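Construct the complete structure from the given sequences, taking the supplied hints into account.
So the sequence lines, in the order shown, correspond to chains C and R.
Per my numbering, the first sequence starts with residue 1, numbered consecutively.
Per my numbering, the second sequence starts with residue 1, numbered consecutively.
For the record, the hints were derived by calculation from the structure and aren't laboratory data.
Bear in mind that the values here come from a model prediction, so they are computed numbers and not experimental data.
Treat the hints loosely; a few may be bogus.
Straight-line distance between alpha carbons at most 25 Å, and here's what the computed DSS-like set of lysine-lysine pairs gives [as the list claims (entries may be wrong)]:
#  : chain 1 : residue 1 : chain 2 : residue 2
1  : R       : 424       : R       : 24
2  : C       : 387       : R       : 133
3  : R       : 24        : C       : 385
4  : C       : 55        : R       : 2
5  : R       : 393       : C       : 62
6  : C       : 415       : C       : 440
7  : R       : 385       : C       : 133
8  : C       : 393       : R       : 314
9  : C       : 55        : R       : 69
10 : R       : 393       : R       : 424
11 : C       : 314       : C       : 17
12 : R       : 133       : C       : 2
The residues making up each chain are set out below.
There are 2 protein chains.
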Amino acid sequence: MKIQPRTLSGFVELLPKQQILMEKIMQTLRETYSLYGFTPLDTPAIEASEVLLAKGGGETEKQIYRFTKGDSDLSLRFDLTVPLAKYVALHYSELAFPFKRYQIGKAYRGERAQRGRFREFYQADIDIIGDGKLDISNEAEVPAIIYQVFNRLGLKKFQVQVNNRKVLNGFYQMLGLSEQAGDIMRTVDKLDKIGAEKVKELLIEQGVSEDKAGEILAFIGIKGSNEEVLGALDGYQGKNELFDLGLDELKTVVKYLSAFGVPQENFAVNLTIARGLDYYTGTVYETFMVEHPEIGSICSGGRYDNLAEYYTDKLLPGVGISIGVSRLFYVLNEQGMLNEDMNTAPADVLLLPMVEDLSPAVELATRFRNAGVRVQLYGEQRKFKAKMNYADKIGVPYVVFLGEDEVRDGVVACKDMKSGEQTKLGFDETLQRVRDGLAKKNEGRVILG
Amino acid sequence: MKIQPRTLSGFVELLPKQQILMEKIMQTLRETYSLYGFTPLDTPAIEASEVLLAKGGGETEKQIYRFTKGDSDLSLRFDLTVPLAKYVALHYSELAFPFKRYQIGKAYRGERAQRGRFREFYQADIDIIGDGKLDISNEAEVPAIIYQVFNRLGLKKFQVQVNNRKVLNGFYQMLGLSEQAGDIMRTVDKLDKIGAEKVKELLIEQGVSEDKAGEILAFIGIKGSNEEVLGALDGYQGKNELFDLGLDELKTVVKYLSAFGVPQENFAVNLTIARGLDYYTGTVYETFMVEHPEIGSICSGGRYDNLAEYYTDKLLPGVGISIGVSRLFYVLNEQGMLNEDMNTAPADVLLLPMVEDLSPAVELATRFRNAGVRVQLYGEQRKFKAKMNYADKIGVPYVVFLGEDEVRDGVVACKDMKSGEQTKLGFDETLQRVRDGLAKKNEGRVILG
Chain C
1 MKIQPRTLSG FVELLPKQQI LMEKIMQTLR ETYSLYGFTP LDTPAIEASE
51 VLLAKGGGET EKQIYRFTKG DSDLSLRFDL TVPLAKYVAL HYSELAFPFK
101 RYQIGKAYRG ERAQRGRFRE FYQADIDIIG DGKLDISNEA EVPAIIYQVF
151 NRLGLKKFQV QVNNRKVLNG FYQMLGLSEQ AGDIMRTVDK LDKIGAEKVK
201 ELLIEQGVSE DKAGEILAFI GIKGSNEEVL GALDGYQGKN ELFDLGLDEL
251 KTVVKYLSAF GVPQENFAVN LTIARGLDYY TGTVYETFMV EHPEIGSICS
301 GGRYDNLAEY YTDKLLPGVG ISIGVSRLFY VLNEQGMLNE DMNTAPADVL
351 LLPMVEDLSP AVELATRFRN AGVRVQLYGE QRKFKAKMNY ADKIGVPYVV
401 FLGEDEVRDG VVACKDMKSG EQTKLGFDET LQRVRDGLAK KNEGRVILG
Chain R
1 MKIQPRTLSG FVELLPKQQI LMEKIMQTLR ETYSLYGFTP LDTPAIEASE
51 VLLAKGGGET EKQIYRFTKG DSDLSLRFDL TVPLAKYVAL HYSELAFPFK
101 RYQIGKAYRG ERAQRGRFRE FYQADIDIIG DGKLDISNEA EVPAIIYQVF
151 NRLGLKKFQV QVNNRKVLNG FYQMLGLSEQ AGDIMRTVDK LDKIGAEKVK
201 ELLIEQGVSE DKAGEILAFI GIKGSNEEVL GALDGYQGKN ELFDLGLDEL
251 KTVVKYLSAF GVPQENFAVN LTIARGLDYY TGTVYETFMV EHPEIGSICS
301 GGRYDNLAEY YTDKLLPGVG ISIGVSRLFY VLNEQGMLNE DMNTAPADVL
351 LLPMVEDLSP AVELATRFRN AGVRVQLYGE QRKFKAKMNY ADKIGVPYVV
401 FLGEDEVRDG VVACKDMKSG EQTKLGFDET LQRVRDGLAK KNEGRVILG
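In structure tokens, the structure reads:
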């Protein structure tokens with residue numbers, strides 16, 4: 001009796017060619033985060049439930065993979081932020097602040113499986129944690145790094161949308177609607193879906209006066225260039241301290257974003273961005289693909305005042321942002337935006353030894369590998385045609401044949417599998433040819449457009 | 001009420017400096033496996049219990065993290081081999097054979113926590129899977145890759161010990177002891193710990209005749225150079241078909257290991273290596289640190305005839321080997337064998353802007369980053385002394401100061417934090433100085449000796 005092999009619904013398992021594209025994305029993330037001086041972290045996927053769920057409540061708790069092993073009540077992490085909070089509280093005295101870390105790892109949520117929503121998914125997070133305080137410039141650096149990440153990946157048509165929670169909360173304070181602010185923001189969030197008229201109706205149903213509903217719609221209706229939006233916000237100044245503070249922060253972040261080299265088309269102030277209710281306290285971000293707003297935010301985050309309040313009395317303000325890598329990859333694939341012209345073969349060169357003694361083949365492979373060329377040595381005793389079929393199937397760019405003639409003459413027979421052109425040259429010339437071809441193949445980015 | 005932050009016993013969580021050394025190891029593993037034409041795979045950490053435990057029984061099953069979520073009976077993977085078997089059976093028609101893959105990922109076993117044994121641990125596996133058959137040369141290539149991995153990591157005093165299950169099974173067939181072979185091998189495995197006399201006693205207690213016990217001890221006592229051991233095995237030839245086949249394989253693997261460039265001191269035939277009972281069918285490997293045999297094998301594997309027999313009728317022979325990365329890292333750390341002279345700071349350069357406008361600092365950081373230098377921009381408003389304390393604490397090799405003078409004169413003030421030497425040079429000269437210094441710092445390997 002055989003067991004039917006299967007992979008669980010909602011769990012990602014890529015075929016080799018796609019996995020190589022995913023690896024290229026991961027490598028770009030690691031490299032870029034490192035270039036900005038973020039240190040890599042790796043925390044366990046399992047934590048004590050008591051620790052992981054210290055905050056408790058909410059939608060998330062229902063989705064958690066929680067179980068017991070022996071006497072231990074355990075849970076799989078549902079994001080990388082709570083483990084970071086635990087890490088910083090636990091190792092506080094051994095860390096230097098501001099503590100800049102990146103983490104790329106799997107998180108788990110038992111959501112209802114649906115297209116592009118996964119139960120096991122990669123997140124790629126960066127956070128900057130201060131000890132007691134943290135400069136506002138960090139709130140611009142974080143989205144600037146995200147801009148660089150997408151830039152290096154090849155994604156062009158995206159926009160980081162920025163808002164400030166103090167601006168929002170201050171505005172609702174002005175209207176005397178602080179208590180209802182949460183409900184109002186949830187309604188306002190539907191603006192793009194249901195339109196302004198319907199939002200106004202709903203607000204009035206929620207008990208907001210018609211005047212105030214009008215003011216809210218006027219406020220969230222502020223559009224235009226960043227300069228125009230900030231200019232319009234100036235009109236609200238001087239009425240509420242929190243609002244003024246937030247506007248000042250927002251202006252500083254916008255100024256710094258330019259200083260950090262983010263082009264105007266890649267970031268915009270958007271007053272409808274709110275991001276949850278109780279966690280973020282300053283700048284908030286969401287990132288959209290300009291031509292695919294229906295996909296929702298592909299990278300979100302913001303400023304928080306107290307990372308680890310459930311674990312420590314220390315005040316640890318921070319700012320962080322997270323790319324949902326598994327979901328992004330799924331979307332890019334669906335949209336045909338993954339660059340399949342890249343070399344996704346397991347090797348750059350497939351080496352076919354045509355003589356029994358493997359030593360010269362190993363020697364040749366070693367020379368290529370020492371030059372950074374990935375070589376797969378084909379050791380199977382099969383017909384020539386089967387070997388070439390294999391080369392085709394893995395999509396390897398070059399096949400090198402090593403027969404008695406080549407060994408004797410000290411030359412390398414090398415076939416470009418795309419053009420079909422075959423050369424018989426010395427090692428150095430062959431290496432140059434292979435390198436040139438690979439450089440051309442890899443000059444593109446993983447993401448198209 | 002605060003929750004005490006803690007990390008579960010048996011789970012690894014490294015501090016930043018150690019994590020960077022771990023990342024260097026991971027990167028070397030990825031690069032080396034890729035250079036040999038292995039494709040990366042990433043399978044879920046959670047599988048349906050029915051699938052993961054298809055084989056059933058044994059010690060492993062008790063250690064498994066198994067739980068239900070909704071109607072699903074789920075388990076965390078306990079190794080990377082069973083998920084590979086599932087993957088190959090499930091995606092058979094979309095793969096090219098021989099299928100060469102590497103996977104570096106976490107696995108889970110609820111073992112009793114003890115020093116160097118972890119409940120969540122990284123394994124780094126390579127396997128080569130054939131469709132129907134697989135050439136013997138693969139059984140030499142796999143340990144040759146492991147030799148390269150350790151070589152690149154800097155580990156020198158290690159030995160891959162090789163044996164062949166057919167030789168062992170054939171030998172016990174000769175003695176008419178096939179039935180007891182399992183028990184005998186388990187006793188023989190204690191040779192190093194309890195000595196030959198005691199092993200002989202135990203064998204006799206197990207019902208082996210004194211003569212045969214003597215023959216067993218003579219057999220496993222065969223020592224010497226690979227040539228000497230193979231020469232001694234020749235004396236047993238011609239009596240058992242399986243033995244003769246195994247000896248032939250062993251000789252071929254030894255010959256190929258030399259051809260694959262593995263020096264004699266790094267591999268040895270060891271007739272006491274057996275590796276479990278029912279899975280491996282040909283060559284088997286264990287790897288020891290020559291000066292720390294007490295640590296046990298740091299990398300093991302072997303040849304198997306039927307990877308996915310629980311899932312498919314297809315015959316899928318393979319050969320694979322696995323490095324227990326978390327355990328190896330723990331041992332290296334315990335032994336003081338991790339190279340702490342390497343740059344383990346989050347950045348190569350800490351950039352301290354001494355003027356309010358951040359733009360020139362960002363511009364300078366960008367030039368360094370485009371040249372591959374990792375730059376952390378320090379944006380906090382703090383006293384100079386606090387900034388330098390931070391630089392010391394993260395152990396950054398260079399600090400760059402950017403004040404009004406430097407901006408005006410277009411120069412870079414750069415301090416080597418180790419020598420204390422400070423220069424004021426143009427960008428290109430500063431970059432060269434930093435690069436030279438980093439190259440020197442990174443010329444060592446992660447593992448010492």
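The hints, checked one at a time:
no.: 1; hint: 424(R) to 24(R); in the structure: violated (32 Å)
no.: 2; hint: 387(C) to 133(R); in the structure: holds (14 Å)
no.: 3; hint: 24(R) to 385(C); in the structure: violated (41 Å)
no.: 4; hint: 55(C) to 2(R); in the structure: holds (10 Å)
no.: 5; hint: 393(R) to 62(C); in the structure: violated (41 Å)
no.: 6; hint: 415(C) to 440(C); in the structure: holds (16 Å)
no.: 7; hint: 385(R) to 133(C); in the structure: holds (17 Å)
no.: 8; hint: 393(C) to 314(R); in the structure: holds (20 Å)
no.: 9; hint: 55(C) to 69(R); in the structure: holds (22 Å)
no.: 10; hint: 393(R) to 424(R); in the structure: holds (24 Å)
no.: 11; hint: 314(C) to 17(C); in the structure: violated (47 Å)
no.: 12; hint: 133(R) to 2(C); in the structure: holds (21 Å)
In the structure shown, a violation is registered for the earlier hints numbered 1, 3, 5, 11, in ascending order.
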